[in-house]
Amino acid sequence: MRPPSACSARGCAHQRPSAAPLTPPRPSRSALAQRRAAPSLPALIATHRAGAAPALPANRGRRAFLGPCGAEPGAAVMAAAMRRLLRAGGRRGAALVVAAGGARSQTLRLIYTTTAAWKKNVAASGPEKYTEAFIKKQIEEFNLGKRHLANMMGEDPETFTQEDIDRAIAYLFPSGLFDKRARPMMKHPTEIFPEQRKIQWGEDGRPFHFLFYTGKQSYYSLMHDTYEKLLNVQKHQDQMAAQDLPPQKEKKNLVGSRWLTKTELEEMLLEKLSDDDYSRFIQLLQKLVTSPCGNIEENYIKKFSREISAQLQKVVIEPLKHDDRGVAFSTGEGERKTSRATVIVYDNGTGKITVNGIDVLHYFPVLQDREQLLFPFQFLDRVGKHDMVCTVSGGGRSSQAGAIRLASAKALRSFVTEKEVEFMRQAGLLTVDPRVKERKKPGQEGARRKFTWKKR
Amino acid sequence: MAVPRILRAAAPRLYSSLPAPVPAPAPAPAARSPGPGADDRLLTEPLSQPDFFNVKELFSLKDLFNARVHLGHKKGCRHRFMEPYIFGCRLDQDIIDLDQTMDHLQLALNFTAHIAYRKGIILFVSRNRQFCHLIESTAQECGEYAHTRYWQGGLLTNAPIQFGSGVRLPDLLIFLSSLNNVFEPHVAIRDAAKMNIPTVGVVDTNCNPCLITYPIPGNDDSPTAMELYCKLFKMTIIRAKDYRKQREVFHELQSKAEGN
Numbered sequence: 001m002r003p004p005s006a007c008s009a010r011g012c013a014h015q016r017p018s019a020a021p022l023t024p025p026r027p028s029r030s031a032l033a034q035r036r037a038a039p040s041l042p043a044l045i046a047t048h049r050a051g052a053a054p055a056l057p058a059n060r061g062r063r064a065f066l067g068p069c070g071a072e073p074g075a076a077v078m079a080a081a082m083r084r085l086l087r088a089g090g091r092r093g094a095a096l097v098v099a100a101g102g103a104r105s106q107t108l109r110l111i112y113t114t115t116a117a118w119k120k121n122v123a124a125s126g127p128e129k130y131t132e133a134f135i136k137k138q139i140e141e142f143n144l145g146k147r148h149l150a151n152m153m154g155e156d157p158e159t160f161t162q163e164d165i166d167r168a169i170a171y172l173f174p175s176g177l178f179d180k181r182a183r184p185m186m187k188h189p190t191e192i193f194p195e196q197r198k199i200q201w202g203e204d205g206r207p208f209h210f211l212f213y214t215g216k217q218s219y220y221s222l223m224h225d226t227y228e229k230l231l232n233v234q235k236h237q238d239q240m241a242a243q244d245l246p247p248q249k250e251k252k253n254l255v256g257s258r259w260l261t262k263t264e265l266e267e268m269l270l271e272k273l274s275d276d277d278y279s280r281f282i283q284l285l286q287k288l289v290t291s292p293c294g295n296i297e298e299n300y301i302k303k304f305s306r307e308i309s310a311q312l313q314k315v316v317i318e319p320l321k322h323d324d325r326g327v328a329f330s331t332g333e334g335e336r337k338t339s340r341a342t343v344i345v346y347d348n349g350t351g352k353i354t355v356n357g358i359d360v361l362h363y364f365p366v367l368q369d370r371e372q373l374l375f376p377f378q379f380l381d382r383v384g385k386h387d388m389v390c391t392v393s394g395g396g397r398s399s400q401a402g403a404i405r406l407a408s409a410k411a412l413r414s415f416v417t418e419k420e421v422e423f424m425r426q427a428g429l430l431t432v433d434p435r436v437k438e439r440k441k442p443g444q445e446g447a448r449r450k451f452t453w454k455k456r
Numbered sequence: 001m002a003v004p005r006i007l008r009a010a011a012p013r014l015y016s017s018l019p020a021p022v023p024a025p026a027p028a029p030a031a032r033s034p035g036p037g038a039d040d041r042l043l044t045e046p047l048s049q050p051d052f053f054n055v056k057e058l059f060s061l062k063d064l065f066n067a068r069v070h071l072g073h074k075k076g077c078r079h080r081f082m083e084p085y086i087f088g089c090r091l092d093q094d095i096i097d098l099d100q101t102m103d104h105l106q107l108a109l110n111f112t113a114h115i116a117y118r119k120g121i122i123l124f125v126s127r128n129r130q131f132c133h134l135i136e137s138t139a140q141e142c143g144e145y146a147h148t149r150y151w152q153g154g155l156l157t158n159a160p161i162q163f164g165s166g167v168r169l170p171d172l173l174i175f176l177s178s179l180n181n182v183f184e185p186h187v188a189i190r191d192a193a194k195m196n197i198p199t200v201g202v203v204d205t206n207c208n209p210c211l212i213t214y215p216i217p218g219n220d221d222s223p224t225a226m227e228l229y230c231k232l233f234k235m236t237i238i239r240a241k242d243y244r245k246q247r248e249v250f251h252e253l254q255s256k257a258e259g260n
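Those protein sequences? They're chains A and B, same order as listed. First residue of the first sequence: 1, per this note's numbering; consecutive thereafter. First residue of the second sequence: 1, per this note's numbering; consecutive thereafter.
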């Protein structure tokens, strides 16, 4: 007799002489159907006959085997034979073994399928989708776990906040991992599972949204609604024209507002958009806004516009302070490269300048630096009218001089009219010099200097 | 023996991983299915007469004429396969034979009504920007679906990948304009034919009526004509759905009475 392992790949109903009388097996399409419905689970065997043992999911879905069938001798023999069959028939295809028949008689039918039929197409399945029921279950588990955690930590479950949870988890599961996102965390499921589209159709297969088959239902639904508003506006306009009423001249001021950005719109719609789609939508909104009776739909338009916060911060010039001698003074801070300077400029002075407690002639022996210090006063024709006390640190001589210059110019703003402040600004006295030392790059000798080029 | 049901026959073409339909009654959200016997009666009852839903009364030749359905394009734009449907040509403009249109329209509306009665998914397709909003509103009002936007290539042929596995494809496509923006036949006509989905389409004198199951020769450019078509389709679908609800309630009451 041919050994069972040599059965052909076509898969034939294998009958052993010692087996119980055969009954025609019921075609259990449900087994195949279940496999298709749950592609991640290994092939299951569904047996509908009473008495047949339910199948156990086997190693990674490669092959399915029937577990211990029962105490009947015939069944045990069948099971043993099948196990031998499966171990021996180690081909690419999975062998789905369907057991059918009554409690006494069991027939085994070998059905071969290819991996393509049951292997999950990971690339094509897209991002993992979660059903609503799954998310709900996760939320319930989270709440339950939160209470358990509170009990464990000896705290009140009712007033256990997210910060408490984080602290508790950090205490119970200390982790040395650097990346915070890799450490154990316990957060509300809505924060963990990304907000995404749930299944878009009901039990009968009918999609919920009437534009489902377009592929971008939220976006096109938005376009549909916006166009409807536009039609409303045009109808209103026609009515006003028919009644010979003048169209409303008040236009909504668009200066302080901006439209939603593409990413914001994508977040709102939970859908990916192309640039073209986005620009079309904005054009439609513009048309709606600029049409004469567009004020009717203001509420609708407001949903898609955002306020721009004040861009220019008005620079406040501090008023003059007076020290105990009654002399007016003002302070200023300046920086240049790595130097930081603070300066106090006194009124009714003689042009005496002290830097870090040292006289300027000794601190800055070079004429160039002293000229830098002089420039703001020279510009304002106030040479010799002010005294200056400076503290400066960091940098070299030139940058310290530049820092003090900026600081003194800032301080002088308090002594001077607004027009002159504007002149100073235009002269560049009030602008921080952004130039810093450029970093050295690898493969080059310096920031720009390359290594000597050698022909060979 | 199971009566050939349109939806069940169409089921094998769904490349979805829905379990093969077990012979239970059609998916009823109100899970009070009347039972297999009543289900058969529900589905065979409208098949007893040729015009069961009496769609003929919804339109007349005068209505079609007033809505300018008979006006075709110029002689130069004429499609060869539309010649049988053209009555004649006046001052270079083709005139569509409204008698033929009446017959075709009746067949198409009857078919739509049957599909709607059997709870099929109906998809309105058109690429005419002028009537995009009208068609989408019509679809929304009768509880069906519309696609008047850019047609993504694999919508019907690659649906499980694009929408997710288990998606149900439309059971009928209604083309209110069978050309796209470049005056070529809409891709959906060919795709529906590939996927064995029946189509109903309004074909103008410059269109190709070949792959459309129920062509309706008529004007697809005038606003009046489009409004007429939308109105007719909406009325048939709503009528068929109401009738279905009526029959389901009736059968349910009957089975309850029998049960008692």
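Worth flagging that the hints you see were computed from the coordinates, not collected in a lab. Some hints here could point you the wrong way.
Under the rule of at most 27 Å between Cα atoms (straight-line distance), these lysine-lysine pairs were calculated in the DSSO-like manner [as the list claims (entries may be wrong)]: (1) B/K245 - B/K256; (2) A/K235 - B/K256; (3) A/K229 - B/K234; (4) A/K440 - A/K337; (5) A/K120 - B/K194; (6) A/K229 - B/K256.
Negatives, chain A to chain B, calculated, CB over 12 Å [to be verified]: (7) K129; (8) F212; (9) L245; (10) G357.
Since this is a predicted model, take the numbers as computed values, not measurements. The C-beta atom is built at its ideal place from N, Cα and C for all residues, glycine as well.
Results of checking the hints against the structure:
1. As the CA atoms of B/K245 and B/K256 are separated by approximately 16 Å, the hinted pair is consistent with the 27 Å bound.
2. The hinted pair formed by A/K235 and B/K256 fails the criterion: a straight-line CA distance of about 52 Å is larger than 27 Å.
3. For the hint pairing A/K229 with B/K234, the CA-to-CA distance comes to about 23 Å; that is within 27 Å, so the pair holds.
4. Taken as a hint, the A/K440 and A/K337 pair is honoured in the structure, with Cα atoms around 16 Å apart against an allowance of 27 Å.
5. Distance hint between A/K120 and B/K194 is fulfilled; the C-alpha atoms sit about 26 Å from each other, no more than 27 Å.
6. Using a Cα cut-off of 27 Å, the hinted pair A/K229 and B/K256 is violated, with the two alpha carbons roughly 49 Å apart.
7. Residue placement check: A/K129 does not keep its beta carbon more than 12 Å from all beta carbons of chain B (closest about 7 Å).
8. Non-interface call for A/F212 relative to chain B: violated, since the shortest CB-CB distance, roughly 6 Å, does not exceed 12 Å.
9. A cut-off of 12 Å between C-beta atoms confirms that A/L245 is not in contact with chain B; the least separation is 27 Å.
10. Taking the minimum C-beta to C-beta distance to chain B, about 76 Å, the non-interface status of A/G357 holds against the 12 Å cut.
Hints 2, 6, 7 and 8 from the list above are not met by this structure, while the remaining hints are.
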